[in-house]
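A.B. asks: The chain contents come next:
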Amino acid sequence: MSAARNAGRALKASTRLALALLWLAVLLAAGWLVSQRLQLGGDLRHFMPAAETPAQKLLIDELGEGPGSRLLLLAIGGDDAEALARQSQALRATLAGDPRFSVVANGETGLDAFPERLRPYRYLLSPTFDTQRFDAAFLAAQLDARVQDLGSPAAALVEPLIPADPTLETLVLAERWQPANAPQRLHGVWFDRAGRDALLAVQTTAAGFDPQGQQQAIDAIETAFATARVDSAAQLEISGPGAFSVEIGGRTEREARWIGVVDSIGLLLLLLVAYRNWKVPLLGALPLASAGLAGLGAVALLFDGVHGITVAFGFTLIGVAQDYPVHFFSHQRAGVSPWASVRALWPTLATGVVATCIAYLTFFVSGVEGLKQLAVFTIVGLGTAALATRLALPALVDRDLCDPAASPRMERLRTLVARAPRPRWSLLLLAVAALATIAFVPGPFWQNDLAKLTPVPADALARDARLRAELGAPEVRYVLAVQGQDAEAALRASERLQPALSALRAEGAVTGFDLAARYLPSVSTQRERQQRLPEATALRAMLDDAVASSAFRADVFEPFLADVAAARAAAPLQVEDLAGTPLAASVDGLLLQRDGHATALVSLAGLADPAAVATVARDHGALLLDLKQASESLVAEYRERVLWALALAALLLAATVWIALRSPRRAWRVLLPMALSTLLIVAVLRACGIELTLFHLVALILAAGLGLDYALFFEHAGDDRAEQLRTLHAVIVCSLMTLLVFSLLALSSIPVLRAIGSTVALGVVLNFVLGLLVARHPENTRREAADAGA
Amino acid sequence: MRTPFVEVRGSALLKAPLRLQGEYRRPDAGTLVREVRAPYAETTTIRAGEVAIARGQRAPRTFSLSRAPELAGLQASFGSLLSGDRALLERHYRIAADGTRQHWVLTLVPKDAQLAKQVRDIVLRGRGAELRCIETRPAKGDLQRTLLAGAARAALDVTDGAALAALCRGE
Numbered sequence: 000m001s002a003a004r005n006a007g008r009a010l011k012a013s014t015r016l017a018l019a020l021l022w023l024a025v026l027l028a029a030g031w032l033v034s035q036r037l038q039l040g041g042d043l044r045h046f047m048p049a050a051e052t053p054a055q056k057l058l059i060d061e062l063g064e065g066p067g068s069r070l071l072l073l074a075i076g077g078d079d080a081e082a083l084a085r086q087s088q089a090l091r092a093t094l095a096g097d098p099r100f101s102v103v104a105n106g107e108t109g110l111d112a113f114p115e116r117l118r119p120y121r122y123l124l125s126p127t128f129d130t131q132r133f134d135a136a137f138l139a140a141q142l143d144a145r146v147q148d149l150g151s152p153a154a155a156l157v158e159p160l161i162p163a164d165p166t167l168e169t170l171v172l173a174e175r176w177q178p179a180n181a182p183q184r185l186h187g188v189w190f191d192r193a194g195r196d197a198l199l200a201v202q203t204t205a206a207g208f209d210p211q212g213q214q215q216a217i218d219a220i221e222t223a224f225a226t227a228r229v230d231s232a233a234q235l236e237i238s239g240p241g242a243f244s245v246e247i248g249g250r251t252e253r254e255a256r257w258i259g260v261v262d263s264i265g266l267l268l269l270l271l272v273a274y275r276n277w278k279v280p281l282l283g284a285l286p287l288a289s290a291g292l293a294g295l296g297a298v299a300l301l302f303d304g305v306h307g308i309t310v311a312f313g314f315t316l317i318g319v320a321q322d323y324p325v326h327f328f329s330h331q332r333a334g335v336s337p338w339a340s341v342r343a344l345w346p347t348l349a350t351g352v353v354a355t356c357i358a359y360l361t362f363f364v365s366g367v368e369g370l371k372q373l374a375v376f377t378i379v380g381l382g383t384a385a386l387a388t389r390l391a392l393p394a395l396v397d398r399d400l401c402d403p404a405a406s407p408r409m410e411r412l413r414t415l416v417a418r419a420p421r422p423r424w425s426l427l428l429l430a431v432a433a434l435a436t437i438a439f440v441p442g443p444f445w446q447n448d449l450a451k452l453t454p455v456p457a458d459a460l461a462r463d464a465r466l467r468a469e470l471g472a473p474e475v476r477y478v479l480a481v482q483g484q485d486a487e488a489a490l491r492a493s494e495r496l497q498p499a500l501s502a503l504r505a506e507g508a509v510t511g512f513d514l515a516a517r518y519l520p521s522v523s524t525q526r527e528r529q530q531r532l533p534e535a536t537a538l539r540a541m542l543d544d545a546v547a548s549s550a551f552r553a554d555v556f557e558p559f560l561a562d563v564a565a566a567r568a569a570a571p572l573q574v575e576d577l578a579g580t581p582l583a584a585s586v587d588g589l590l591l592q593r594d595g596h597a598t599a600l601v602s603l604a605g606l607a608d609p610a611a612v613a614t615v616a617r618d619h620g621a622l623l624l625d626l627k628q629a630s631e632s633l634v635a636e637y638r639e640r641v642l643w644a645l646a647l648a649a650l651l652l653a654a655t656v657w658i659a660l661r662s663p664r665r666a667w668r669v670l671l672p673m674a675l676s677t678l679l680i681v682a683v684l685r686a687c688g689i690e691l692t693l694f695h696l697v698a699l700i701l702a703a704g705l706g707l708d709y710a711l712f713f714e715h716a717g718d719d720r721a722e723q724l725r726t727l728h729a730v731i732v733c734s735l736m737t738l739l740v741f742s743l744l745a746l747s748s749i750p751v752l753r754a755i756g757s758t759v760a761l762g763v764v765l766n767f768v769l770g771l772l773v774a775r776h777p778e779n780t781r782r783e784a785a786d787a788g789a
Numbered sequence: 000m001r002t003p004f005v006e007v008r009g010s011a012l013l014k015a016p017l018r019l020q021g022e023y024r025r026p027d028a029g030t031l032v033r034e035v036r037a038p039y040a041e042t043t044t045i046r047a048g049e050v051a052i053a054r055g056q057r058a059p060r061t062f063s064l065s066r067a068p069e070l071a072g073l074q075a076s077f078g079s080l081l082s083g084d085r086a087l088l089e090r091h092y093r094i095a096a097d098g099t100r101q102h103w104v105l106t107l108v109p110k111d112a113q114l115a116k117q118v119r120d121i122v123l124r125g126r127g128a129e130l131r132c133i134e135t136r137p138a139k140g141d142l143q144r145t146l147l148a149g150a151a152r153a154a155l156d157v158t159d160g161a162a163l164a165a166l167c168r169g170e
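As given, the protein sequences belong to chains A and B, one line each in that order.
Each residue of the first sequence is one higher than the last, beginning at 0 in numbering that gives the first Met the number 0.
Each residue of the second sequence is one higher than the last, beginning at 0 in numbering that gives the first Met the number 0.
Only chain B is shown next, with the shape it has when bound in the complex (with noise of 0.2 Å):
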């Protein structure tokens, strides 16, 4: 399984917000490879609650999953999304449903006190068996937006985050 992806990231410390594109992989179950292709290489590997980054020739950097919670989220949501895995999902979240078979909305409340502290909630947008848009907005922060497939396909030359929000939305 692969899909495109394009990403905005803010940060209070940049002058603008970051737009990242690529590519995420489940080369098997248990592993979720995401892969920066612009504006910079960087390929970042989830596996056994481990996260290691990546970039260029240096050693990849690790960090345990139990510290960037937001991929936590994503990791749980593509492996339960892609098996059907309903009950993997509830584990870990409360789950609101909502909209139509072509524009739906599953809203994920964390379970776990320590992840939220961390993600108030997830959004997962789709269409049909696509998901399409992941909104994961911190407690703290701004919200992150990372969209998939189709609406990644259809964002590749949109640079304006207001039109990247519709997108997401699939408005």
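The following block holds chain A by itself, in its conformation from the complex (with noise of 0.2 Å):
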């Protein structure tokens, strides 16, 4: 009776299908407006557990990334030495200009670099008076010096400088400026050792971890270069972290699409062979189109931002969602309502679906905002794509399936199934020795290191070093950090540590370093330079004697002995006051202030011996950090509070089955296969000696939701034969889908798409197999054996 009123309610096949094709148009729509939205981020600070060690929090709550990351390091060669400086100096005027980098860099330096404003603070910048006594003697040396200068071939540069700053202060700042290890320089640019290559050091305004700013800076520099070129042959090369990240996201989105046109192609055909009916493509797509949607709309609403690693995770995780529809289609046959169809399955589909969604609260707990958005995204998704099967597909479903029950091949094929053993030991032995191989596989377990899974290739690794070596670019991996109460504080406690720094270059402990100091002293230095400087009258004294020796005229020098009455009277030089000169980039880069609270960094370059380094930093109150290390922590962290979150999940998933199938038996029968399976994948990576990611983990999570799901349904299916033949055949379809998913990217060449890729199509097949073993009912076996022995 239900049946026919339900036949009753049914729309039309012209209906059903504009009804189909509206949905997947508003699906299109949204997927439009999200789109344009969604800010996607990338920032890895919003996925990781709070920081708690101070190379973490520095890594966290300020870096970033490190000051090292922000930094493109360019090459170009491949013409002669004069026209690649042409093109270095071309390609510096277009980048300097550019809102999106705060230093161009290719050696290109006079006394343009000296910026007028700051002209009368030179002898507070400039140490020269920390170890020269300022007196008639050594003015009188300067002015010689000077005399020679101008006999010499830089008459002409120096000329202009020599009535106010005889000493050339202005000169010894800019070479001070000039980064410690500069390459050599050929037609007025840096060029590498062999003269091959013109060399700049970039750094972009957008963060290393930001891939569109990275993106837009890098294009920004290929433009620019494709016009200083012209018709020259040349080449340009970029490395750097930034530089790295575009590449590699580069070759992984085409990948990506690449595997998801196969996938497309693969899915279509599969769904057609096994359905025969056009229409279900396209209703098969469209719960889990949803369930992205909404997932993605709903962690859109609750949070602030949506992060990079939430939707990457989370679409993994809802392919699970992908089954739905399938198991109904399966069930779906002439004479029977879809309403009626979808209601049989749907006890089995729900304790699926809401044992996993209760698995996903439990990263809730975690505490770590990243985890929760993915918890969020899964939960919404995975119920919205099984109210869509349970309230939508029934709609607009063709009636007259083909029936898998009718089908001689599944016939045969579940004759061949049922006639296979049901292990009882040999499980037990299978789990002892998985546990065995997880136990005793040499190496270590997990590989913190994120950075492997989107490996650089070793050729632009080699690239980098060569060129950091040559442009004395600072480690990415290691800084040095003074804590200080504010600004001063922390240039202070800096300036102590030149001298052990300078120390450690001597040793060859590091090739160079850099710190806000040397551009800014802290204001106790300034003062105590401006001590130093001679008052007006005993420096006129002084500058009389010298000049009246000397080959110069008598009034030359006014304006030096006005440029040294305004630097002793001058406020010293503060931070704010930097701003809109070069050196303001320079220091900002290196003096992290936040309220009540100020960083000093050191970056250092060529770093040979941390431990050294680490020892005088120590002993100085600085801190070497190892960024690396921290951010590996980091994942550590996070990582242990997944797998609490999972060892809850897993306790709260099986008393959901428990609850749902109400017998033990059963719910044994439902857990066993995806528990195995779970060890079983971990086994098999062990002994191939992968080490395990979060990738591999989250990939886990989604085979063991699918292996619940494979079991459920063998469970179900119970002892009726046509109904067996009907779950076999969806089961069937689901694993051959997700199988032809994953395995493509299993064979992809980007390491997080193989890892998740090879532990998912290893989970599908264990799941298969074990759920048909283990969790088709046993009565229908005996009622088969009896009628073979009959």
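Hints in this document: simulated from the structure, not taken from any laboratory.
Here the structure is a predicted model, which means the values were calculated and not measured.
For glycine and all other residues, C-beta sits at the position ideal for the given N, C-alpha and C.
Straight line, CA to CA, 25 Å or less: simulated SDA-like cross-link-like pairs of lysine to any residue:
#1 Lys14(B) - Leu156(A)
#2 Lys116(B) - Ala155(A)
#3 Lys139(B) - Glu115(A)
#4 Lys139(B) - Val146(A)
#5 Lys371(A) - Val310(A)
#6 Lys110(B) - Leu156(A)
#7 Lys56(A) - Asp618(A)
#8 Lys110(B) - Val229(A)
#9 Lys14(B) - Leu160(A)
#10 Lys14(B) - Asp143(A)
#11 Lys110(B) - Ala89(A)
#12 Lys14(B) - Asp134(A)
#13 Lys14(B) - Val146(A)
#14 Lys116(B) - Leu160(A)
#15 Lys116(B) - Ala92(A)
#16 Lys139(B) - Ala155(A)
Stretches of chain A that chain B covers, calculated by requiring three or more beta carbons in the stretch to come under 8 Å of a beta carbon on chain B:
#17 73-87
#18 156-166
#19 184-193
#20 546-555
Got two chains here, separate frames each, mind docking them using the hints?
C.D. replies: This is the structure:
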């Protein structure tokens, strides 16, 4: 009777199709809207647990990824040196005016690098008189040197400076502000030692972890180079963390797109062959697409920004929802109302969904923003897919799908399966063997270095190391940090560190270092320097003596007297005073100020002996931070929370299944394949020498979710032959689809895709086989055996 | 190739012009060395567009050749005169030739706008195969005169400015 009522409510075929297309159109429109509005964050900080150690705090709260992460190293080669130098100059000229770059350096400097506004401050910034007395003898020697300068080829360069600056302090400073280990200069710009490549160092305004910002910066550089090159055969190479992330991001996207196309065609063919109805692939895609959009929408509503990793992990995890409509299609056949078919499946489907969602709820207690986002995404997504399958699909599907129970081929398959033995003790043996493998295979269990999953090609790394050494560019991994309650305290602390750093450089522990105090001395140092400047009358007497015995005319140095008097009276320079000068970028990168707290960083180049540097740093109240180690320890902590959440999730899941099935025996049959599969996957990965990462963990969760559903449906089929055939058909289609998608990922050249792909593909096979062997109803086999015996 | 030189350099900052003597050398085609021997010792090396000036034990001060245009003219004229490469000279300057083989004058006017802003012209004077004098007239300031080869040898004991100018002009 209910079937008749439902039949009365059935829509016409054309209306059904129109509604399905409308649904699709709404999804496409919503997807477009979301893609326009969605601000994807790539900032790892939101995906990590709270920082605890000083290194972690600095990494998470202040640095992002370290001062070296925004540096791009450029090399132009493939033409003669003069042509390359011209291109380097043109490139610098273009990029220096581009707000996407805070520093563009190619060795072109001169006095224009010394800001006119700061000229009176030169005696406060220069260390010359820290070791040299400002007296008549010094002045006389300086004037002699200036006479010689006027007789030298530098005469035109120096002559305009002499009246105000006879000690050439502005030149001393301009040279001092050059990078500590600047490369050689040819034709006015930096070149590598061999003189083949012109070199530039460029600092982006965008953070190193901002892939879009880095992409824009690299595009800008390439455009500027194309213009600068004109018709030369020169080639530009770009290296550095930003360039790597852009390159890898592009490669991942290309592979993912290629895989996506093959997947779509494969899934389409698979569904067409399985159901011989062209509308099924369309209808089958609707719940999953709705799930993804609903998940994204919910996260966007509940959180400030959606993390890139949430989206990547989330879409992986809701992949299980693709199976929901398949189960329905395999059970829909002529003569049965779609509503009735879906109602028959609903308890099993709902058990799977509810158990999985309850498991994901544990991510909420992890206390990590990224995991909470992931929980919301998957719970909302899976719920949406289940409800869409339950409430919307039955209205749209064609009723006369072919019944797998009527297929002789399925029947042959079922007979084959029915003959399979029911393993008992062999499973225990398998579990023990897997545990032994996991425990006794040598090598580290976890891989905490997320960079290993998106590895930079070896030749690019070699090129980066070469450019870094040539340019004397700072290490990306290590940085020294000195804390203070304000900028002044931090600057003074870093100044105290300076002699020790020079000693380390002399010993070869580092080849160079850079710190904010090199550009902006602390106020106290500036005051000390002011004290050392002679007062006006003394200076005039000194100068008159020196000039009288020199080749200079007597009245030349009035501007000098005025400048020294101004320097004596000037208020010491502060960080804010540097705004708008080329020094600001250097100082801002190395002096981090927050409310009531400042950190002075010392970037290190060519760090050969981290232990020695760490010891010296400790002795001077500084800290050598290993940013790689800090981020790895964060990953480890993060994983620990995930594992605790998963342990809790496993218990909740088992309890949910037990309650839903109302029998410990049935629950055991459903849970065993999933648990054993997980154990076996880990054992296989270990045996292959693969170190597990967060991505493997996510893949394992997905595999477990799939396994739970397979087992639930096998178990649900009971001992009815037709029901078993339909379930077998559905699970075969489901597992083939998942297998197709994830084996393609497993073939990828990118380790992160390979990790997820191989783990899930392995999980699908194991869960299917074990589900079939363990969860399938035993009554049926007994009856088969009885039939065979009779 | 090496040749003695005598140079007179004037500056508004100085009581009297500086008179330097020493030697120009070309150890190889890409390098020009200017060695001042009196009144003090100083060695300038020009190579690959860079100038390094060394005095005594101190680290040399380096700057880009493009910042000292008078040297660019010197480097170019030495190189092209020695190799007879008129084309090289013509790449950078408009050339006007005058005089006789025994008393020739080449006037170089920079083509490059950047250089022209700093150097009005460079006059090369010679006798036969010998480059004897270079006069660089900057856009601002005094004419700088470098006497070379035979002219420099003749100028060794001459200090008077007018006499040096006459030697330069080959009078």
